[in-house]
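**Student:** The chain contents come next:
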Amino acid sequence: MNELSANHFLLLSSALFIIGMMGVLIRRNVIVIFMSVELMINAVIVAFVGFAWEQDSMIGQTFALFIIAVAAAESIVGLGIIMALSRRVDTVDVAEVSTLRD
Amino acid sequence: MVDQPLWITYIVGFIVLNLLLVGMAYMTWAERKVIALMQDRIGPNRTGPFGLLQPIADGIKLLGKEDLIPKFADKRVFVIAPLISFVTAPLAALVIPFGDSITINGQEINLYVTDMSVAVLYMLAVGSVGVYGIILGGYASANRYSLLGALRAAAQVISYEIALGLSIVGVFILAGSLSLVDIVNAQRTSLDLFGSGITIPNWFIFSQPLGFIIFLIAAVAETNRAPFDLPEAETELISGFHTEYSGFRFSFYFLAEYISMIVISLLAATLFLGGFDGPVADGPWWLLLKASIFLFFYIWLRATLPRFRYDQLMGIAWKVLLPLCLVNILLTGLIRLASNNQL
Amino acid sequence: MSAEVLVFDILAVIAVIAGTGVVLARNPVHSAISLVVTFVNLAGIYVLLHAEFLAVVQIIVYTGAILVLVLFVIMLVDQDDLPEFHKGKPLQRVFALLLGVMLLGEFAAAVLTRTVVGQPGPWTEENVTLAGGNVQVLGQFMYSGYVLPIQAIAVVLLVGTIAALALARPEDMSRRPRARQTGTISLGHPRGMDGTPLPLPPGVAAARQSPQGEMRDGIMIVNDAESYTDTAAFEYEYATLGPQPGDRKRNITGSEGDE
Numbered sequence: 087m088n089e090l091s092a093n094h095f096l097l098l099s100s101a102l103f104i105i106g107m108m109g110v111l112i113r114r115n116v117i118v119i120f121m122s123v124e125l126m127i128n129a130v131i132v133a134f135v136g137f138a139w140e141q142d143s144m145i146g147q148t149f150a151l152f153i154i155a156v157a158a159a160e161s162i163v164g165l166g167i168i169m170a171l172s173r174r175v176d177t178v179d180v181a182e183v184s185t186l187r188d
Numbered sequence: 012m013v014d015q016p017l018w019i020t021y022i023v024g025f026i027v028l029n030l031l032l033v034g035m036a037y038m039t040w041a042e043r044k045v046i047a048l049m050q051d052r053i054g055p056n057r058t059g060p061f062g063l064l065q066p067i068a069d070g071i072k073l074l075g076k077e078d079l080i081p082k083f084a085d086k087r088v089f090v091i092a093p094l095i096s097f098v099t100a101p102l103a104a105l106v107i108p109f110g111d112s113i114t115i116n117g118q119e120i121n122l123y124v125t126d127m128s129v130a131v132l133y134m135l136a137v138g139s140v141g142v143y144g145i146i147l148g149g150y151a152s153a154n155r156y157s158l159l160g161a162l163r164a165a166a167q168v169i170s171y172e173i174a175l176g177l178s179i180v181g182v183f184i185l186a187g188s189l190s191l192v193d194i195v196n197a198q199r200t201s202l203d204l205f206g207s208g209i210t211i212p213n214w215f216i217f218s219q220p221l222g223f224i225i226f227l228i229a230a231v232a233e234t235n236r237a238p239f240d241l242p243e244a245e246t247e248l249i250s251g252f253h254t255e256y257s258g259f260r261f262s263f264y265f266l267a268e269y270i271s272m273i274v275i276s277l278l279a280a281t282l283f284l285g286g287f288d289g290p291v292a293d294g295p296w297w298l299l300l301k302a303s304i305f306l307f308f309y310i311w312l313r314a315t316l317p318r319f320r321y322d323q324l325m326g327i328a329w330k331v332l333l334p335l336c337l338v339n340i341l342l343t344g345l346i347r348l349a350s351n352n353q354l
Numbered sequence: 105m106s107a108e109v110l111v112f113d114i115l116a117v118i119a120v121i122a123g124t125g126v127v128l129a130r131n132p133v134h135s136a137i138s139l140v141v142t143f144v145n146l147a148g149i150y151v152l153l154h155a156e157f158l159a160v161v162q163i164i165v166y167t168g169a170i171l172v173l174v175l176f177v178i179m180l181v182d183q184d185d186l187p188e189f190h191k192g193k194p195l196q197r198v199f200a201l202l203l204g205v206m207l208l209g210e211f212a213a214a215v216l217t218r219t220v221v222g223q224p225g226p227w228t229e230e231n232v233t234l235a236g237g238n239v240q241v242l243g244q245f246m247y248s249g250y251v252l253p254i255q256a257i258a259v260v261l262l263v264g265t266i267a268a269l270a271l272a273r274p275e276d277m278s279r280r281p282r283a284r285q286t287g288t289i290s291l292g293h294p295r296g297m298d299g300t301p302l303p304l305p306p307g308v309a310a311a312r313q314s315p316q317g318e319m320r321d322g323i324m325i326v327n328d329a330e331s332y333t334d335t336a337a338f339e340y341e342y343a344t345l346g347p348q349p350g351d352r353k354r355n356i357t358g359s360e361g362d363e
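As given, the protein sequences belong to chains A, B and C, one line each in that order.
Numbered according to the working numbering, the first sequence spans residues 87 to 188.
Numbered according to the working numbering, the second sequence spans residues 12 to 354.
Numbered according to the working numbering, the third sequence spans residues 105 to 363.
Hints were generated in silico from the structure; no laboratory data involved.
A virtual CB, placed ideally from N, CA and C, is assigned to each residue, including glycine.
Heads up, none of these hints are tricks.
Estimated spans, in silico, between C-beta atoms of each pair:
1) C/Leu269 / B/Gln353: 33 to 43 Å
2) A/Asn93 / C/Ala107: 14 to 24 Å
3) B/Trp18 / C/Val221: 43 to 53 Å
4) C/Glu229 / B/Ile46: 46 to 56 Å
5) B/Gly294 / C/Gln223: 45 to 55 Å
6) B/Gly75 / C/Ala107: 43 to 53 Å
Using the sequences and the hints, build the whole thing.
**Tutor:** Here it is in structure tokens:
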């Protein structure tokens with residue numbers, strides 16, 4: 087643990103991923119769930135860049151840029167859905183939006 | 012780029028920061044004086060000779076006011092929001108080169124704090140984080156009009172950020188790098204004017220006139236200055252985002268705006284007017300002179316033009332500046348490929 | 105303990121603490137602020153990994169655009185005090201916590217006992233500096249081999265923009281803002297005893313060359329108030345009461361003539 091190695095970055099990535107995953111499981115506010123998903127995506131990006139650094143390759147950074155772009159597109163659509171949802175059911179609690187289940 | 016011990020970099024950074032703060036304080040004086048002279052009056056002339064102690068008097072007044080926090084405001088966010096604006100504003104000046112390296116006591120010192128390979132994007136990134144000062148300030152005020160004013164101001168800033176960033180892509184194409192030191196060095200060569208023997212320096216204002224104009228307009232809108240200052244002017248109508256701020260918290264927002272004005276003027280001077288390049292002696296004085304021209308332009312705009320309505324403002328950003336930026340990038344790319352015979 | 109490890113430790117610890125702040129904060133705005141802190145620290149880590157372009161792109165795109173949009177949505181959406189903090193099921197939370205700890209253990213075991221597979225690529229530090237820096241190398245790499253994914257991402261972003269426009273339209277078409285129409289309300293229209301406007305007598309309305317006005321929602325909207333008021337009142341009376349002494353000499357169709 088004295089020299090910086092890719093294991094550091096992978097541990098950080100897994101910690102952030104798990105925190106994001108617990109956020110998705112525990113929270114009921116749909117916007118906070120969305121932010122937890124973004125946290126998970128960023129954890130994956132850290133893993134990509136860590137591997138790219140370890141292997142002296144540019145593919146990891148390229149793919150990370152693509153992930154950021156696609157996450158931007160996903161956030162546009164996701165936030166649009168959240169706003170449309172809140173307009174229709176007037177709440178942001180995902181436990182209330184259970185029409186398909188019942 | 013010279014290898015220098017870290018403490019020298021800190022000292023250079025300290026000096027740059029102090030210069031910025033002093034410049035910001037006297038920018039307020041200069042604005043009042045210049046607007047006054049344009050409006051055929053005198054401006055501050057009582058506090059010290061020519062009113063030069065006016066910023067100090069303003070500072071003492073603002074510091075002495077009562078610190079009011081609204082009852083239902085989110086206290087922590089209320090305190091942090093102006094700090095975000097005020098801290099991110101001078102951070103962008105860290106990458107601006109003030110000159111070649113000088114030698115003191117045998118140690119070569121770079122006249123910039125750091126030379127990043129992505130310097131210009133770093134300045135844009137820092138500006139993007141500054142938007143949070145506006146949004147969180149409006150949110151934390153527990154006042155729905157502040158919130159709406161903040162959202163409008165934030166929407167304006169993020170719309171003009173796009174035009175700001177895209178307008179300088181032409182400069183990147185011509186200079187081949189994102190680093191400001193490389194861009195200044197690319198401008199220090201001479202350009203032969205159509206082979207006629209008249210040489211002008213290779214300043215990008217000559218090669219990128221459209222980019223320069225778009226950058227100037229976007230820069231004025233980005234710092235919420237007249238004529239794009241509708242979110243701010245509405246403070247008079249109780250719908251600006253810093254309505255609930257008083258005393259030194261308000262001064263954080265106010266001074267952050269002046270600092271970002273100075274930083275963007277320095278950036279414009281570096282990107283388009285050659286930075287510290289001058290006909291006689293290269294040095295920081297040229298950069299400061301060119302930045303002063305832009306600052307005077309800012310003040311002149313404020314004194315002269317009426318402000319835009321909000322929908323006109325947003326229409327300009329998305330319908331006028333953005334397509335022009337894309338056209339500029341296309342043309343610059345084509346010309347660069349043609350000059351490299353790669354078409 | 106090299107300086108790099110120290111810097112990484114500081115950035116990583118703050119990032120993880122801010123990450124837990126995202127999940128645990130009660131107010132979604134505090135969650136968003138914690139997420140900003142996380143992203144900025146991750147950008148610092150990318151700079152440590154010699155991926156400077158990615159770091160600034162992360163700040164510009166993620167914190168400067170996506171999280172700003174998230175904050176917009178938080179503030180524009182009406183939020184009541186969600187019951188998740190005082191009515192949630194504690195069993196579910198304990199279970200999630202156990203699951204998280206287990207998963208962390210598994211991840212740590214996998215990471216610490218891994219072997220590197222594959223060969224390292226060519227872009228060591230010296231090669232990158234020789235080729236001009238991180239941005240230049242990335243540009244060459246992306247635009248020579250990965251042009252097609254770049255175009256695909258452009259299409260994805262376009263589709264996302266169109267989707268956002270489609271989602272932002274009001275669903276109830278009656279709430280869609282109508283094209284603005286301006287009209288002048290005539291108060292000179294003859295009214296009955298209860299104040300409601302009277303319809304013009306059928307002969308009068310038919311004799312008109314062009315309609316001067318229409319009834320809409322019980323209000324008379326006319327094109328030109330003066331001429332309408334002048335003629336309508338007269339013609340109503342003319343049609344119902346007949347010519348009166350002292351009337352101006354005018355025909356029913358509005359043209360001047362001798363009586």
